[in-house]
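Hints in hand, dock the two standalone chains.
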Amino acid sequence: MSELLVWDDIMYELFKIPKDTKNITYETWLNYVHPEDKERSHQEVQNALNGIKNFDSQFRIVCPNGEIRHIKGVGITQKNAEGEVVKFLGTNYDITELKNTQMMLQKSEESFHGAFENSDTGMAIVALDGSFEKVNESLCASLGYAEKELLTMNFKEVTHPEDFNDDRSLLKQITKGKRSSYKLEKRYFHKDGHVIHGILTVTAVKDTSGELLHFVSQVTDITPRIKNEKKLSRLVDITTEQNDSLLNFAHIVSHNLRSHSSNLSMLTNFLIKEKDDSERKNLLVMLRGATDSLNDTILHLNEVVQVKVGAFEKMKNINLYDSITDVQKNLNILIQEKNAICEINIPKDLKIRVIPAYLDSIILNLLTNSLKYSSPERIPLIQISSKIESNAITVSFKDNGLGIDLKRNSDKLFGMYKTFHRNKDAKGIGLFITKNQMEAMNGKIEVESTVDVGSTFKLYFEKPLT
Amino acid sequence: MNITKIRSVCIIDDDPIFIYGTKRIMNEADFTDEILVYNDGQAAFDGLKAMAERGEELPSMIFLDINMPIMTGWEFLDEFIKIPNNNSENIIIYIISSSVDPRDIARIQQYKIVNNYILKPISIEDLHNILKSVGN
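These protein sequence lines are chains A and B, in that order.
Okay, so the first sequence: first residue is 2 according to the numbering used here, each after it adds one.
Okay, so the second sequence: first residue is 196 according to the numbering used here, each after it adds one.
Calculated from the structure, these hints are not laboratory results.
What you are looking at is a predicted structure, and each value in this text was computed from that prediction instead of being measured.
Where a beta carbon is used, it is the ideal one built from N, C-alpha and C, also for glycine.
A portion of the hints provided could be inaccurate.
Far from chain B, some chain A residues (derived; all Cβ distances over 12 Å) [stated by the list, open to error]:
id : residue
1  : D10
2  : L15
3  : H35
4  : V46
5  : G67
6  : N166
7  : V206
8  : I239
9  : L248
10 : L284
11 : A291
12 : D323
13 : D406
14 : T457
Partial chain B-side listing against chain A, Cβ under 8 Å, derived [stated by the list, open to error]:
id : residue
15 : D210
16 : I214
17 : R219
18 : A224
19 : F226
20 : E229
Extracted from the complex, chain B is given alone in its bound form (with noise of 0.2 Å):
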């Protein structure tokens, strides 16, 4: 099997030791080479957005919180997929939360853009896996 490296990784996350954590479970996984990291939803936007009306390439991966202050992951996708050039198509959406309640779960379903729902902490297997349904 042919595995290839995330181009490059955005982590939106408030929590300093997740980011740590993230960013040290990345390299041991040789998940990716760039790791760009907002520390709330707002930074989140207007730094992609700068970066989508530069016209340079958004990350090919974002690692999305949903409680975060002043913009939540929440309000972070539905301002997201309003950005031109977003190629959002492209981009692929993990929500990496603590919640287990269902309302969050259920409300996932309602973002197309969303790949996919891991529960805190991240492991190495995860990201593995993520290489190996990328890969595919």
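Looking at chain A on its own, in the form it has when it is part of the complex (with noise of 0.2 Å):
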């Protein structure tokens, strides 16, 4: 067999060479062949021709110009009828196209696994049956799944029921080809309980010929947004609250000291006139009146903006049963004399967080309400309970006396200045305070009460550090 070669035109052109080139031998060919595929193409070569293997490969070479194809070479052996070959046929193909199309793919397809492994954002190929085909590690670290975990799993099972049916019927969309893609924000389950917000954006993956493959989910973790979101709005609404508390008692404050600033006019201005001494004598005695409420009222506008100041006071861990006794055997007397039976159902070595001063004045203040607009006709019974609640301590004072009318004074009985009864001592005072220094502690008092029956306050406690 010569080492001459036949070659058409094509080849010729694939390699770059003027067609009237003479001479092309195997080693022209071997020579034009990339020098790192060289040897091996030699060998596959001489396999063939020794009937090893028949040639089929692919290999590089340099054109003239330096440029570098991919080439896919075929070649088969003539033999004659001694078995002895010669003739070898082949036939080279260019398939630069295809090995740049390819190279291109497997860099878009690392590109996309490089995005897909290392993104911030969640990320899963799911099946068209929902379930999880690849999930990123963000994503098993927003859910709180291990990768594992997660690939047996649906999405369903971590999509919150109530955002279930709008991502389903989005999805619905894509598979009926009417979308290629949505956004929605939603919220998952985390495998702990808690609720994960994010957003969530679906893009359809189809063959070539238009069917859908898969669909590639990307779920931004929205959740600390939407916690601080809620600090915040949690925040406006206490200094909105504050606002109004701060204008309320601006009010207050205003009304309050006029009252008694008109009666202070008035009455200086009859004793500037008045001639007769005995009716001085009582103008006198109604100014002294007029000054001394004035005197109460300051001292108690002092107190509500004690409390308000009081509330950076450290809150400490106190055991309740203690602070109750102790303010019951302070009002001792006022029991004995009422014949007034007080039971304590609470346990002995329950904390509660609270600013002990606070906590001591309201138990007087309760317990004294109770003792004082109690029904004469019924041995005053004053009950105080607690229960332990999932994000709370409640207690409960209930009693047996006079009661209020709680559909025409519900929104007046914690106000300032409001009384119910007609009771000399009634100040309208007590609840208010109380009132602002549960608010103080971060807790609230409620109330249940019908006329004649007796009332019941409930207190809302912070749980003690531990």
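Set out below in structure tokens:
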């Protein structure tokens, strides 16, 4: 077999060699092969010639202009009757485009893979039935599952039931071909049960014939943002509430001071004109009463300001039972006078988180109220009990006293200078202060009452810090 | 100008000093010969209702405080207009209060039976003005 090769026109074009080039040999062909592929290609040709393996290979050639092209080569041997190889027929195809496309595909796959794995956004490839085919670390972290666990799950299992239908109907629009992607703010469940807020973007992936393969889902975890928003709106609420209460307080101050000052100016005007001695004495007594009332009012307003300022005082874990029995001892005389019965159903080791002085003042106020407004027709019975709830400790003060008509008075009950009984000591300051003190301790006070049956005040305290 | 006395006045207020002062000024101004006093809205409502039921003539003018125990001035107004034969179109009602709270002032507009608002302390000039406007 000679070394001479017979090339067709396409081969010349492929190798970018002038068509009139003479004496093209195997050596010529081999010289064009890329140095890195040369030895392998030569060996493969030899293997074909020796009948070991047909030539079917890929290699690179370096054209005279320096360009590197990818070639697929196929060759068969022709043998004579004796079985000797007499001819080697080969075809070379230019597969550079294919190779480039493959490399680009590989690169794009690699970059997708890199983006998928390293993204801060939770990503998943979701099968048409909703199961996870592939998930990234970020999604696992957001939802609290291991990759292995998520891959056995369906997106429905981690979706908040209230948001599932929205998601499903949008997904259906994709499967029906009405859209190719969608974006949705939805809630997921973390493995430990808490809600995760996410922005989900779903994109359809189709094959060349347009058949839907799967979905690519991207989930941006916005839980911290939502949490911050909630925190902010709570702050705005608190600020609004405080503003309202300050404005209210300003009106209370204005009203209460005005009512005294107007009395004082009226009385002094009378006094200036009055000639009659006994009437002058009468006016002086009233003037003194008016100044005393003004003093009281200022003391009360001061007390209210103190509560608002006192919120800076430190909260402490306090034994509730001891606090109640201490106050009860101080009220012993009044309790005996009224023949009242005081039942305390509080665990002796129960602690609540309070400002101690406020707790004392609240207990004193509620107990005093129950005694002061007891029904003359019944032996006063005061029952104090507690309950541990999920985020608070509630304490109930229940009495069988006169009660209050809440239909008429519920909005005024905790207001300043609001009184509901024709009782001379009623000043309308106690419950107002109590409510302010409870709020200063992040708690609240509620009331249930029926006229002539009794009242129950329910206090919500913070749980002790451990 | 012909100044007529008010036939009878009802003061509804829980402040004894205000009541004393108002009575005294009314005397000075020769405002009325008959003064009826209640110390809270509930007492006033009960008293006036009983009068209406007995067929007695109700006072022709009411001086009403807002902030009172048991029943406020507002609640009194709400209940008062429900009394049958209350003759309210012939009764002139003045709100007399220390409140400068715009919410209170705005609320007065909602009560058609309220004639006007007088800020405490009430003065003899206030009473003269009332007499003039009634005379007209």
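Structure-based check of each hint:
1. D10: Holds: least Cβ distance 101 Å, greater than 12 Å.
2. L15: 95 Å, holds
3. H35: Given a closest Cβ separation of 92 Å, the condition holds.
4. V46: 103 Å, holds
5. G67: Label holds. Min Cβ-Cβ 90 Å, cutoff 12 Å.
6. N166: 46 Å, holds
7. V206: 62 Å, holds
8. I239: 22 Å, holds
9. L248: 9 Å, violated
10. L284: Given a closest Cβ separation of 9 Å, the condition is violated.
11. A291: 6 Å, violated
12. D323: 36 Å, holds
13. D406: 10 Å, violated
14. T457: 22 Å, holds
15. D210: 7 Å, holds
16. I214: Violated, because the Cβ-Cβ distance from I214 (chain B) to chain A comes to roughly 11 Å (cut-off 8 Å).
17. R219: Where the cut-off is 8 Å and the nearest Cβ of chain A is about 6 Å from R219 (chain B), the hint holds.
18. A224: Result: violated, 14 Å to nearest chain A Cβ.
19. F226: 16 Å, violated
20. E229: Violated: closest Cβ of chain A sits about 22 Å from E229 (chain B), beyond 8 Å.
Of the hints listed earlier, those the structure fails to meet are numbers 9, 10, 11, 13, 16, 18, 19 and 20, in rising order.
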